[in-house]
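*Asks:* Single-letter residue listing:
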Amino acid sequence: APATAGEKPFIILQSTTSTANSGLYDAILPKFTERTGIEVRVVAVGTGQAIKNARNGDGDVLLVHDRAAEERFVAEGWGVARFDVMYNDFVIVGPRSDPAGIRGLKSASAAFARIAEAKAPFASRGDNSGTHKKELRLWKAAHVDPIAASGRWYRETGSGMGATLNAASAMNAYALTDRGTWIAFANRGDLAILVEGDPALFNPYGVILVNPARHPHVKRREGQAFIDWITGPEGQAAIAAYRLKGHQLFFPNARREAKARERK
Amino acid sequence: MPEAAPSLPLSADRAGAPLLPARIGGLVFETAGMRLLGPLDLDLGPGTVTVLMGPNGAGKSLLLRLLHGLVPPTSGTILWGGAPPTEPVRRRQAMVFQSPVLLRRSVAGNIAFALSLRPGSRVAHARRLDALLDMADLTPLAHMPARRLSGGEQQRLALARALALDPEVLLLDEPTASLDPAATLAIERIVRQAHDRGTKIVFVTHDIGQAGRLADEVVFLHRGRITEHTPADAFFDRPASREARDYLAGRIVL
Amino acid sequence: MPEAAPSLPLSADRAGAPLLPARIGGLVFETAGMRLLGPLDLDLGPGTVTVLMGPNGAGKSLLLRLLHGLVPPTSGTILWGGAPPTEPVRRRQAMVFQSPVLLRRSVAGNIAFALSLRPGSRVAHARRLDALLDMADLTPLAHMPARRLSGGEQQRLALARALALDPEVLLLDEPTASLDPAATLAIERIVRQAHDRGTKIVFVTHDIGQAGRLADEVVFLHRGRITEHTPADAFFDRPASREARDYLAGRIVL
Amino acid sequence: MQDFAEAFRLAARLVLSGDPTLMEIIALSLRVSLSALAIAVLVGLPAGAFLAIARFAGRNALLVVLNALMGLPPVVLGLLVYLALSRAGPLGALGLLYTPTAMIIAQSLLITPIIAALSRQVIEDLDREYGEQFRSLCLSPYRRIAVLVREGRLALTTVALAGFGRAIAEVGAVIIVGGNIAHVTRVMTTAIALETAKGELALALALGLVLMTIALLVNGAVMAIRLGTGDERHA
Amino acid sequence: MQDFAEAFRLAARLVLSGDPTLMEIIALSLRVSLSALAIAVLVGLPAGAFLAIARFAGRNALLVVLNALMGLPPVVLGLLVYLALSRAGPLGALGLLYTPTAMIIAQSLLITPIIAALSRQVIEDLDREYGEQFRSLCLSPYRRIAVLVREGRLALTTVALAGFGRAIAEVGAVIIVGGNIAHVTRVMTTAIALETAKGELALALALGLVLMTIALLVNGAVMAIRLGTGDERHA
Ligand SMILES: Nc1ncnc2c1ncn2[C@@H]1O[C@H](COP(=O)(O)OP(=O)(O)OP(=O)(O)O)[C@@H](O)[C@H]1O
Ligand SMILES: Nc1ncnc2c1ncn2[C@@H]1O[C@H](COP(=O)(O)OP(=O)(O)OP(=O)(O)O)[C@@H](O)[C@H]1O
Ligand SMILES: [Mg+2]
Ligand SMILES: [Mg+2]
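Chains as they are written, first to last, in our numbering: chain R, 66 to 329; chain P, 153 to 406; chain H, 153 to 406; chain X, 10 to 244; chain C, 10 to 244.
It is worth saying that the hints were derived from the structure and are not from the lab. Heads up, some of the hints might be wrong.
What the hints assert, rightly or not - Covered stretches of chain C, going by a simulated chain R footprint (3 or more residues, C-beta under 8 Å):
id, stretch
1, 117-128
2, 196-209
To be verified - If you want the ones that stay clear, here's a sample from chain P, every Cβ over 12 Å from chain H, calculated:
id, residue
3, ALA276
4, ARG308
5, ARG349
From the three backbone atoms N, C-alpha and C, an ideal C-beta is built for every residue, glycine too.
Work out the full structure, taking the sequences as your base and the hints as a guide.
*Replies:* Pasting the structure below:
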């Protein structure tokens, strides 16, 4: 349904907790609203839930970080097209005492192998989120089956990034986290970044307009305006300019052309 | 309590087929395999005050509740002018329970509540409320929380509430048990007046003097059975059943 | 109810300073700015049955509750053998309330509960339980849920429970109001027996005949004040106060 | 430990600063939970009263279901409401998802069984005392319920306060159907969940303190009304 | 809509398959919530009973606090317990965080006020009827409470069921102090939250159905006991 008369036009953005909790949206969305008069209502949930919500038509735009799932979303006709927006990276955090001795390793999978070897506590999100899927790929590369150790040193928290970090902090466990959440995260306890910079830790975000052909009420014009803005010079500059505690969290990487086929 | 209780203004005209005589046939009440009442046959005619007597636990209160349709009989029939005591019949009766159940409101509020269940204008109800309070000698206590009243005051309030319903049949379960002698006599007068205006009275009491003053006929109940049903004079002079004789003499009724 | 109530085996020996005489001085009870009782002076001596009479709402139940220490007086003193009615005193008294408050247990369970509050072996308690059930003529109903009893049966149970406490002072608030004539006489006998064994009795009743049978002395209460406190013979023959005369004659007491 | 101290300081600062965002969140929390409570009382109380006085086949089974519904997890209820209100769902066309209305719906559904089950017990206990008297008076079921509710008002207020507590503390359902959208559907509990996820534990606790203060004020107001009307007098 | 149908199919399949992980989760849910309930009843019921019969300065204020505590958000309580049990916290040395014990602690703390507040009301209403009789009998406060609890057992069972419902449905506190760790502290509600976050709504609903079935069984068992002991007889 179109926005009722008198109400400010708005769109619903289905997105992830990692982006929302980092404060990025608070910083950049007012600029978009100021330019277009369109308010953006962010629903921050797990990537899986965000995609499910978008499939149900409960959002106009989807902005998540699970490339394979995003492309499937578009391929199945739920989304119009996927555009790169930005990326950040994952880091491996762990106790400063580093019982598994991974500090400074260049390879994330090598670090994982050592953690497994040392049977050092590791807090996994265990929630099929983008971060969790990335983590599972790293275990695979390290030739470790962590599930076999589930409930022992391998702890699947089945929770969001923040909750998982809270758990890691309280248990002095290792964890994989996106840098944005980490920098914004206040309850670090004894944890610190131990491994970073491996290209395998690259974490791209994509933005997709929910397909109005499937969900006629989707606000195509406003949604597209948002995608145009965030992938355009102004949005990209805003992303680049966002700093938290002195760190740049997200790196814009939009290209102008669509990555996926558009469907009628 | 005023020496001569004022006669109460009646509310609407009474309507419907007469409730009397009431015919009770083969009445039995059992619970958990125990027979508490019956088998029992009884006719209640109009124009008489029927006093129900009998030892503790004989089933007097239970019989009143059955007559009023509050509990269904296990077997047998109760017919008021041909109809069983379902709502249309019960609405034309009022019962004063052995222990008063008062609402958590003021004294006046309790009577007003009963009045509100009957047709009538606001003004008529207000007038009737005053008359009833006066009758029960509760006017000075009108605004007291009803549950704070003394035992006797509560009993008077329960009676006033029943009269507020302007019933054609009044079932009274030991309504003066906690009353002082003057209040007892006043209540007896009020009951007599109601009777004179055509209200059928069924009155349970252990007070032999009171029974003598009020009763036209006595039904004597013992262990759930009627041992006699006789005109009052006969009953008090020469009771037919040994049970009633023992009862009147203050002897244990076996 | 057995013609001659069996005398109850007593539990432990009585101990402590005597509770009597009780001296009440300048007693006043007010609530919400209303004076319900007093000012009132009264001495209760040992060895007498004191009957408390007075119209409904005079304050009889309230006075009993004050004597028993259930409500604190607004002013004045109540001293039982020199001590106010706090727990040590109250524990040596028992009160039967105007409307019985029974536990949701069996008849026997209610008495057993009271017995459990007093010292004594299991066997002694069991024996006493049987005697009390017999005394109150409740043996056949021992396993009935107490709250299902008839009005009179409940009253008898409440009295049996009070006697289970083996009190030195027994405060009875219209304990026979719902009893049949035989039960009433039986209860009077039991009360007399308790008195003969040294229990101080304070008995509230509206039954003038009963008062005559039981009373050694009568305290007449009217509007919260004592209008007379006289030996029974004197009271019934020639009551000193107009209030008592009116009361006895069944006239409204103004 | 320092978290506790900081939480108190933060809470005081938040409240004293009169931060407009916080005020907005508090206002929405109260609006949602009090509306849900009102609906739950309007529906649950008569339903509970009806169950208290009615006797019919299957009543015991229904009572079991009702009592069990007190254990309905908010997340599950949130999901059910989500599926109903989702664009893909039967009521999607109403566009209610991610609005305060959706949150009110979810919370009412959540606490109605609680109000109904507890009122049922309160009123059934009362009806044991009044039942025969009321049948003697031939009260209509409607009138009978109204009177019983009035007689039991003290206990029923406590029941309502239990429902309010459940609603104001609830996060699982409102976060699913409300979406915790800033300035639109963010309430105290979802804000607390968000700050917790951010690791801002002191801030989360501070918000919790503010929430408890609100709950205290609401309960205090109810107590003041009770005492003021002298309701205890008639008890 | 298809989610509903699928949820039912999934729920049936899950239960029938006797999936060991599911059984483990169900067992832990019951263990945690029933333990918490037992503790809450052991503490909350006597506390409520005490408040019902005691009269002291500040009692009304205490009642307001108690009623308000029914609105304590589980997340806040979870945080408090987390901070206490965390390695850095005062009780960190016990190593209880992320264990079922921690979850039991959190849930007991959560429902104790509910049990206490509702019992207080039930018992106070009863005491209005019995109070003077009990004072006449010089019952010790302990005995008086014991008898009142026995007299009010029907209503108090409903109170306990409300507490059980709150506990079994609760997710906010247990997920923080338990961590929803697979095979260690994962219970039904945290599993439901997880599947929801994954977007596995049908599975989440299926788990919800299983949870409601458990709640029904528990409530049914309680009802059967009530009817069996003929408790209604004495009412
Ligand atoms: N629901 C019940 N279950 C079992 N017994 C019952 C039930 N109701 C009543 N009774 C028993 O039935 C008998 C008759 O009770 P009822 O109240 O009618 O006596 P009553 O004649 O009114 O006695 P009273 O003069 O003492 O008032 C009593 O013995 C009582 O214990
Ligand atoms: N808490 C209270 N608040 C106000 N009035 C009260 C309160 N308690 C008792 N009363 C009033 O005090 C008066 C005395 O009551 P009490 O119960 O002592 O009378 P009583 O002499 O026992 O009468 P009865 O013969 O009817 O039992 C009554 O008029 C009653 O309404
Ligand atoms: Mg009777
Ligand atoms: Mg009295």
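*Asks:* Check whether three or more residues of the stretch 117-128 of chain C sit with their beta carbon closer than 8 Å to a beta carbon of chain R.
*Replies:* It is violated: at least three residues are needed, and the stretch 117-128 of chain C offers just 0 whose Cβ sits closer than 8 Å to chain R.
*Asks:* Mind verifying the non-interface call on ARG308(P)? Its CB should be farther than 12 Å from each CB in chain H.
*Replies:* ARG308(P) not clear of chain H: closest Cβ-Cβ about 7 Å, inside 12 Å.
*Asks:* Take a quick look at ALA276(P) and tell me if its Cβ sits farther than 12 Å from every Cβ on chain H, holds or violated.
*Replies:* Per Cβ check, ALA276(P) is outside 12 Å of chain H; nearest 28 Å; holds.
*Asks:* Please confirm whether ARG349(P) is truly not at the interface, meaning its C-beta sits more than 12 Å away from all C-beta atoms of chain H.
*Replies:* Per Cβ check, ARG349(P) is outside 12 Å of chain H; nearest 23 Å; holds.
*Asks:* Between the stretch 196-209 of chain C and chain R, see if three or more residues pass the 8 Å beta-carbon test, and mark the coverage as holds or violated.
*Replies:* Holds, because 9 residues of the stretch 196-209 of chain C bring their Cβ atoms closer than 8 Å to Cβ atoms of chain R.
The structure fails to meet hints 1, 4 from the earlier list, while all remaining hints are met.
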